[in-house]
Structure formats: structure tokens, C-alpha cells
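Enquirer: Chain by chain, the residues:
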Amino acid sequence: MTRKGFMSELKNLLLFLDTNDRARVLKHYERMFDEAGAEGEDALIRCLGSPVRQVLQIEQEYREAVDKGEIPFAEEDVLPAKETRPAKAPAEPEKIVTESAPEMPASAPPDPDPFAEVKSVFGLPAEKALPEEPEEEPPLFTDAAERILQEPDAKAEFAAPAAEEEPEPVPVFQEPAPPAEEPTAEETVPFESAPEPDEAPAAEEARESLRTPEEEADEDEDDEDDEDDDYDVYRPGAGRIFASVLVTFPMLPVWILCFGIFLLLGVAALAAGVGFGAAAIYLMSYVFSGVIVYTPDLILLGGGAVVASALALLLIWMGLWIMIGGFGLIFRMTGSIYGGILGNREED
Amino acid sequence: MGRIWRWVAILCAILLILGLAMIAVAYASGSSLERLRETTDVLDMTKFIPRERLQQILTFFLGE
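Here the protein sequences come in this chain order: A and B.
Count along the first sequence starting at 1, add 50, and that's the number in our numbering.
With the first letter of the second sequence counted as 1, position 9 gets the number -10 in our numbering; the numbers rise by one all the way through.
It should be emphasised that the hints constitute simulated quantities derived from the structure, not laboratory data.
Note that the coordinates shown come from a computational prediction; the quantities given were computed from them, not determined experimentally.
C-beta: ideal position from N, C-alpha, C; glycine also.
There could be a bad hint or two in this list.
Stated by the list, open to error - Selected chain B positions facing chain A (Cβ under 8 Å, derived; list incomplete):
| id | residue |
| --- | --- |
| 1 | Met(-18) |
| 2 | Ile(-15) |
| 3 | Leu(-8) |
| 4 | Leu(-3) |
| 5 | Met3 |
| 6 | Val6 |
| 7 | Gly11 |
| 8 | Ser12 |
| 9 | Leu17 |
| 10 | Thr21 |
| 11 | Val23 |
Based on the sequences and whatever the hints tell you, model everything.
Expert: Shown next, in the form of C-alpha cells:
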């Protein structure tokens, strides 16, 4: 997949966002591609994964923010990648105490909640913010991607992911953060109910970046399965199927009657048109045969031939129109009847 | 469909007007169906249909 394809698919999948949020997210990704350059484009796309996956993560972040009453994708422009990285956090992070934030020890185990992966993929932002200050935009891409953008050497490391059997100890994306900058329980981050230890995202992103293609394929299949679950194929119930079968029997004579009427009318009009056409040819043949020499007679025959051809044209087209339109009407009527009985997704 | 109908109607109207005008001019010039029937066999349908069958058809449409 190319950058253009990635962005196009991402744009199509982000329709659930309003225009401003969508534009901001897309701008964010565009900036990532710009910074990656042409040579880092493939590595970045591989790092990001499929657009569907990105969108699922964005959607979860969005819903999480909405559920918490926060403003998703805060108003200010998306921060550069380095500003959102935990390792690049300012030396004196602004620690804001919130009353609602539950206290957790800094050495607490990784959050087992189902959004842990999403959080890690989006990166744990080092910059903390109160929910009341939504200017802190949540990061929308992984730290692994940021590393590729910022450190050219990392591109090579990432471009050849994990032929090794043991991806865990590879320290490529593990960035030790100063202990003083470790998030504490007093700090809150956007889209999170509680901070997590600093090691968790690093390990998660290392695992993320060192996945084998098979694992990526499995994950894609899982994503597709999730989509299938969300948008399941509509299957009418047994009662509806029975009703549709039942209605077939009284509908059969109606179909036959309608079909016969349209066919009869169409063929009759067509036959009349063909007859008029034959008459026109016959009369015109007399005009040019030389048998008739009196000019008014020739004009009379010519006029009759022209009128006959006009009627022939009208009747032939009318016959075709009756048959085509009538049969189409029958098909539409049938579709409407069975569509109403069997129902569809919109109606449900 | 609608576009075809429009062109069929336009063409049919033109042909009808032209044909009826020609017939009117011919009648005004002294021609008639009676004259054609007397001078030519153009209206002699017995060339295509047997006389008895033709009689039945004419009786059906025109009465006794």
C-alpha cells in the first residue's frame, strides 16, 4: 500500500468523525508521512498497519473520550510527534492533581483493561492534562512510528522486523525514561482513567513493532472478524421466509396475468406497427414503380405511405415500450413485495 | 425511455403532418381513393387475401 492509498482509505473510514476532527487526524498522518519522506514511507506504513486498524483505535479513543465527557481531538493543532513522546517529556512536567483520578502506585502492574493495546499503540502521552483542559491532543500514532521518523537508523531496524524468534529483548524501541519523569497516580492523561507505568508502552510497542507477518495477518483477520461482527449479514427470520413463500402462491396468478397483459398489448402494438410499416412500403413501391403517372395520385400515395410509416414508428415503439416497461414493472413490484416481507437492515 | 419517447413523438408528428399535408394537396389537385381504385390495382387487396376471406374481414369491420 502506498501513502496515497493509505490516506485515501483512512479518509473514507473516518467518516464517523466530524469535519474538523477528521481533518486534524488526517493532517496528523500527513505530517507523519512528510517527516518520514519517500524512503521511510514503506516502513511507516508497515509500522502503522492497516488503515482499518488505525481507525478502530481512533474510534475507541474517540468513544472513550466522549464517555468521559472530554472533548475528543482537542481544538489545538496536533502536536509534533516528539512533543507527545514520554521520553521527550519536559524536564519539569507539569503535574496536576485531580480529585477524581484514582491513586495508583507508580510501580503498579500494567493495566489489564481491554484498551491497553490501544493506549500503547497511541502512545502514553508524557504531557499530562486535566480533562478540563482538552487542548492536550492525544497522540494518534505509535512511538515506534515516531522513532522511525526521527531516527533514520531505526527505519532499517524496523524495515526488517523480527526475523528473530525472541522479540522481547530487542531494545530498539525501549526508551528508558528518567525516573523523575515517570507518571504518577496524581497525573492524568487525556483519554485515560489512570496512568500506567513507563515500561508498559515501551514493551508493548516493541512487541507491536516486532510482530511477524503471520501475526500481522492473524490480527488483520481478527479485525475483519470484528468488523463482521459489527456489520453482520442480515438474515431474515424463519417467519419472514415462511411468509414470503406463502405469498408466492396468490402472487403467481397475478404475475401470470400481468405478464400476459403486457405481452399481449406489446405484441399487438408491435404487430400493428409492422403492418403499417408493410403498408407504407407497399404504397411507396407504387410511387416509384412508374405504374401511376398522374401526379396527384402519386402525391396521394406518397402521403398515405408517410402517414403509415409514422403510425408504424409509433406503434412499434409503443409495443416495445409496453413489453419492456411492463416486465420491468413486474420485477420491481416483485422486489418490493418480497423486500417488504423479508425486510432489510435499514428497516430493522 | 423518456428520451426515446420524445424523439419518437417528434418524428411521428413530423411524418403525420407531412403525410396529411400531401394527402390534402392530392385531394385538392383532383386525386382520390376512388380514382386510384379505378385506375390502378393498388387498393386491390385480393392480391394478398382471397376474396372470400376479405369479404369476411370487411363484413366484420364495416358490417353488412
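Enquirer: I'd like to know which numbered hints this structure contradicts. Please list them from smallest to largest.
Expert: The structure breaks none of the hints.
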